[in-house]
Amino acid sequence: MATGTEPQQNSGGVRTGTRAAIAAPHLRTDRWWLAPAVTAAGLFAFVVYSTWRAFSNAHYYAAPYVSPFYSPCLAQNCRTMHAGPNADLFGSWWGISPAIIILIFPLGFRLTCYYYRKAYYRSFWASPPACAVAEPHQKYTGETRFPLILQNVHRYFFYFALLVAGVLTYDTVLSFRDTHYRWGHMGLGTLVFLVNIVLIWAYTISCHSCRHIVGGKLKHFSKHPVRYKAWQFVGRLNTRHMQLAWASLLSVALADFYVYLVASGVFDDPRFF
Amino acid sequence: MSSYEARFKVWRGDVEGGGLQDFTVEVHDGEVVLDIIHRLQATQTPDLAVRWNCKAGKCGSCSAEINGRPRLMCMTRMSVFTREETITVTPLRTFPVIRDLVTDVGFNYQKAREVPAFVPPAGLGPGQYRMMQEDVDRSQEFRKCIECFLCQDTCHVVRDHEENKTAFAGPRFLMRVAELDMHPLDAAAESGLDRGRSAQDDHGLGYCNITKCCTEVCPEGIRITDNALIPMKERAVDRKYDPLVWLGSKIRRRTT
Ligand code: SF4
Ligand code: SF4
Ligand code: FES
Numbered sequence: 001m002a003t004g005t006e007p008q009q010n011s012g013g014v015r016t017g018t019r020a021a022i023a024a025p026h027l028r029t030d031r032w033w034l035a036p037a038v039t040a041a042g043l044f045a046f047v048v049y050s051t052w053r054a055f056s057n058a059h060y061y062a063a064p065y066v067s068p069f070y071s072p073c074l075a076q077n078c079r080t081m082h083a084g085p086n087a088d089l090f091g092s093w094w095g096i097s098p099a100i101i102i103l104i105f106p107l108g109f110r111l112t113c114y115y116y117r118k119a120y121y122r123s124f125w126a127s128p129p130a131c132a133v134a135e136p137h138q139k140y141t142g143e144t145r146f147p148l149i150l151q152n153v154h155r156y157f158f159y160f161a162l163l164v165a166g167v168l169t170y171d172t173v174l175s176f177r178d179t180h181y182r183w184g185h186m187g188l189g190t191l192v193f194l195v196n197i198v199l200i201w202a203y204t205i206s207c208h209s210c211r212h213i214v215g216g217k218l219k220h221f222s223k224h225p226v227r228y229k230a231w232q233f234v235g236r237l238n239t240r241h242m243q244l245a246w247a248s249l250l251s252v253a254l255a256d257f258y259v260y261l262v263a264s265g266v267f268d269d270p271r272f273f
Numbered sequence: 001m002s003s004y005e006a007r008f009k010v011w012r013g014d015v016e017g018g019g020l021q022d023f024t025v026e027v028h029d030g031e032v033v034l035d036i037i038h039r040l041q042a043t044q045t046p047d048l049a050v051r052w053n054c055k056a057g058k059c060g061s062c063s064a065e066i067n068g069r070p071r072l073m074c075m076t077r078m079s080v081f082t083r084e085e086t087i088t089v090t091p092l093r094t095f096p097v098i099r100d101l102v103t104d105v106g107f108n109y110q111k112a113r114e115v116p117a118f119v120p121p122a123g124l125g126p127g128q129y130r131m132m133q134e135d136v137d138r139s140q141e142f143r144k145c146i147e148c149f150l151c152q153d154t155c156h157v158v159r160d161h162e163e164n165k166t167a168f169a170g171p172r173f174l175m176r177v178a179e180l181d182m183h184p185l186d187a188a189a190e191s192g193l194d195r196g197r198s199a200q201d202d203h204g205l206g207y208c209n210i211t212k213c214c215t216e217v218c219p220e221g222i223r224i225t226d227n228a229l230i231p232m233k234e235r236a237v238d239r240k241y242d243p244l245v246w247l248g249s250k251i252r253r254r255t256t
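In order, the protein sequence lines correspond to chains A and B. If you're matching positions, the first sequence starts at 1 in full-length UniProt numbering and goes up one per residue. If you're matching positions, the second sequence starts at 1 in full-length UniProt numbering and goes up one per residue.
Just so you know, these hints were derived from the structure itself, not from any lab. C-beta: ideal position from N, C-alpha, C; glycine also. Treat the hints with care, as some may be off.
In the DSSO-like style, the derived pairs of lysine-lysine whose C-alpha atoms are separated by at most 27 Å in a straight line are [unchecked claim]:
| hint | chain 1 | residue 1 | chain 2 | residue 2 |
| --- | --- | --- | --- | --- |
| 1 | A | K219 | A | K229 |
| 2 | A | K118 | B | K144 |
| 3 | B | K144 | A | K217 |
Quick list of simulated restraints, FRET-style, between CB atoms [as the list claims (entries may be wrong)]:
| hint | chain 1 | residue 1 | chain 2 | residue 2 | range |
| --- | --- | --- | --- | --- | --- |
| 4 | A | W125 | B | D194 | 23 to 33 Å |
| 5 | A | A45 | B | E85 | 30 to 40 Å |
| 6 | B | M75 | A | K139 | 33 to 43 Å |
| 7 | B | A112 | A | L148 | 26 to 36 Å |
| 8 | A | F105 | B | T82 | 20 to 30 Å |
| 9 | A | W52 | B | R7 | 47 to 57 Å |
Generate the whole structure from the sequences, applying the supplied hints.
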């Protein structure tokens, strides 16, 4: 029997069976590894940073700014933030950093997001590492089974993400106060918060589940003109979902870092008015 | 008009085996890879097998892998490569090879047959169909498909896992399911066929992990993943994993 004509292996890929006999797992000559490498580095950096900040349980409030990682703050061990996003739902038994409670939601939203799924399937799981580059796995069942079938809960995280974005909007409004909680002031931090909240909303609204819910599920757009308009609007944002995912990831980390710097006394928030 | 000698590696062989063969061949300004393959046929290797038809990116016959990337040979300009580069051309690596650059794409015809056809609406005869443009826009994007099967070739679900070919229809035919499900006059639901559910249960939508390679290679620029696959995933969630929608449909069925 000539090589390449043996009976199908169960793990048959490009190098097996009746396919053209080519030994190389791929023949790409461009820098196909660059995108997954940069993606992995970016996501890894964020995970390291946010883990440190989420567990540190310190320097997350510098009036009037509250770090987006700690908002809303749902345990008794939270710092009291004047008229801020405090809600003692968990009481005193919660001993570790209160950021952990709330971060589950944005984390879940981003983990099940259709863009981030693509990003980490490619860059962390190499499934596939890049197009037409053979993946290293023997078996593949995609999202047909537990645990990956759970990706289908994305829309619920989207609903929670709306609530969280609402709270962060409230925080941004509160950032128009000064350190003594008087209204009508604005500092550099306010600007950081404004940019962040716009990006958070744009990312949240451009979600594929949102696009489905506002109108994508309809069969006849002509019978629902308002929802059709909404679907078109979300669709336009949706084409930028990847860019918005990265921009908002960066901006939320920057907003937190800004609060950290001010709260830990590295510098004082410059005031515009 | 300038010309130069380019180095090519072209896969020659059949199901019994084969390999990359080296060629040096003349290239003129404005040519595409398919021109060079034709020049090889005309001047050096008359028995080189290649499938092509329109040379205009519309028939979908000349699909191959050029420097490891699934592309149409007739739409790949030589000017995208440097003159020093060696250009490697192989047949599609997801389908059984027949000879040289020609593969057996029968898998795709099989999958096409597995998608239930358009169900005509009851009570409307020929010539009585009326549709609003905004209702057909989505399906029309998918109708641009030229059936080159580059998306099917690049999709890792079947490219890297032969055993998944039974369960998975591939992006092209999941998109066909989407096209019909979004068709304003398709009466599948009335006839008891739930296309959203069947995309998941019968055509293997769950295998797709939305890594978007199909979209990346589509020569027609169809946004397969964003506009067909993800919307179908969301429709499947409506049917199968959304307790609110499920409850709502139960209540509505009771009351109507
Ligand atoms: S997005 Fe899905 S169908 Fe398209 S290539 Fe990737 S896994 Fe295959
Ligand atoms: S969807 Fe695009 S890549 Fe796939 S067969 Fe059609 S034209 Fe080719
Ligand atoms: S020859 Fe028709 S698409 Fe290339």
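Numbered hints the structure breaks, given as an ascending list:
Of the numbered hints, just 8 does not hold.
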